[in-house]
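**Q** Counting from 833, one number per residue, gives the positions in the sequence shown under our numbering.
Just so you know, these hints were derived from the structure itself, not from any lab. All residues carry an ideal CB built from backbone N, CA and C; glycine is no exception. Check each hint, because a few of them may be wrong.
What the hints assert, rightly or not - With beta-carbon atoms standing in for the labels, derived distance ranges:
| hint | residue 1 | residue 2 | range |
| --- | --- | --- | --- |
| 1 | P978 | L907 | 35 to 41 Å |
| 2 | S1036 | E967 | 38 to 44 Å |
| 3 | G952 | I1013 | 25 to 31 Å |
| 4 | K1031 | N991 | 32 to 38 Å |
| 5 | E1037 | R933 | 36 to 42 Å |
| 6 | P978 | L910 | 40 to 46 Å |
| 7 | K851 | R911 | 39 to 45 Å |
| 8 | Y951 | A986 | 28 to 34 Å |
| 9 | E967 | N1034 | 36 to 42 Å |
Stated by the list, open to error - Subject to a maximum C-alpha distance of 25 Å in a straight line, what follows is the list of computed DMTMM-like cross-link-like pairs (lysine to aspartate or glutamate):
| hint | residue 1 | residue 2 |
| --- | --- | --- |
| 10 | K1018 | E995 |
| 11 | K851 | D961 |
| 12 | K1040 | E909 |
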Amino acid sequence: MEQAQKLKTGTTTVGIVCKDGIVLAAEKKATLGYMVASKDDIKIVEIMPHIAMTQAGMVGDIQALVRYLKAESSLFELRENKKITIKAAASLLSNILYGGRWSFFPYMVQIILAGVDRYGPSMFILHPDGSKLEEKKYFSTGSGSPMAFGVLEAIHKDNPTVEEAKLMAARAVKAAVERDIGSGGKGIDIAVINERGFKLLNASEVQKIVDNFEKK
833 MEQAQKLKTG TTTVGIVCKD GIVLAAEKKA TLGYMVASKD DIKIVEIMPH IAMTQAGMVG
893 DIQALVRYLK AESSLFELRE NKKITIKAAA SLLSNILYGG RWSFFPYMVQ IILAGVDRYG
953 PSMFILHPDG SKLEEKKYFS TGSGSPMAFG VLEAIHKDNP TVEEAKLMAA RAVKAAVERD
1013 IGSGGKGIDI AVINERGFKL LNASEVQKIV DNFEKK
């Protein structure tokens, strides 16, 4: 635990389940103790065209988990001739995390894994001990999550559309950036997953969303 405290990093990520898809958002600062390692880190990763995950925790651990999950999801599709479900991908990741919990240095991560499959949109939260929890509305991870949760609890509406959720996610992440020293960087990232697949919004699209709520 003492070692984990020494390596603590800052992040804010948000996931929202919508009637027509999933919205993920994150700020872009990567920290290493008191040093800013990157101001332009992308913390939303596409696993498959219908699945993505957010990153909070040790960068090396997350990169290894992304490689595992991408490889196993692709192998599943080749063997079974169908796409892996979000629940199955979350269970796979949970087993990997659980397998490392008794090691000297387990995976120090907190992950939002979400996507859209034949059962519709779904989102799971995974922790270093391998625990896997399904979230039906919204969630936030990282050092800025208390601020993000405060905003989400105040503005969230049940069963939102993707367009409504993009605005909510942007507001939540921006609030965390304002108050959390571990969150920041050059803007924020927003991604959408729907029946058409995964899309990471470009900078101009994100800026329009931010401008929209800042004018109100």
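**Q** Just tell me: holds or violated, for the beta carbon distance of S1036 and E967 against 38 to 44 Å?
**A** The hint (38 to 44 Å, Cβ to Cβ) is violated, given that S1036 and E967 are roughly 30 Å apart.
**Q** Range first: 32 to 38 Å. Now tell me if the beta carbons of K1031 and N991 are that far apart.
**A** Check failed, 21 Å falls outside 32 to 38 Å.
**Q** Could you say whether the range 40 to 46 Å given as a hint is met by the Cβ separation of P978 and L910?
**A** Taking Cβ atoms as reference, P978 and L910 lie about 42 Å apart, which means the hint holds.
**Q** Is 36 to 42 Å right for how far apart the beta carbons of E967 and N1034 are?
**A** Violated - the Cβ-Cβ distance for E967 and N1034, about 27 Å, lies outside 36 to 42 Å.
**Q** Just to be sure I understand the hint, the distance between the Cβ atoms of G952 and I1013 should be within 25 to 31 Å; is that true here?
**A** violated (38 Å)
**Q** Regarding Y951 and A986, is the given constraint of 28 to 34 Å on their beta-carbon distance met?
**A** holds (30 Å)
**Q** Does the Cβ-Cβ separation between P978 and L907 fall within 35 to 41 Å?
**A** Once the Cβ atoms are compared, 38 Å apart, the range 35 to 41 Å for L907 and P978 holds.
**Q** Taking 39 to 45 Å as the stated bounds, is the beta-carbon spacing between K851 and R911 within them?
**A** violated (32 Å)
**Q** Next pair to validate is K851 with D961; report whether the Cα-Cα distance is within 25 Å.
**A** violated (30 Å)
**Q** Looking only at beta-carbon atoms, does the pair E1037, R933 fall within the given range of 36 to 42 Å?
**A** holds (39 Å)
**Q** Take the C-alpha atoms of K1040 and E909, compute the straight-line distance between them, and say whether it is at most 25 Å.
**A** violated (37 Å)
**Q** Below or equal to 25 Å on CA atoms is what counts here, so check K1018 against E995.
**A** Distance of about 23 Å is within 25 Å: holds.
Violation of the numbered hints given earlier is confined to hints 2, 3, 4, 7, 9, 11, 12; the remaining hints are satisfied by the structure.
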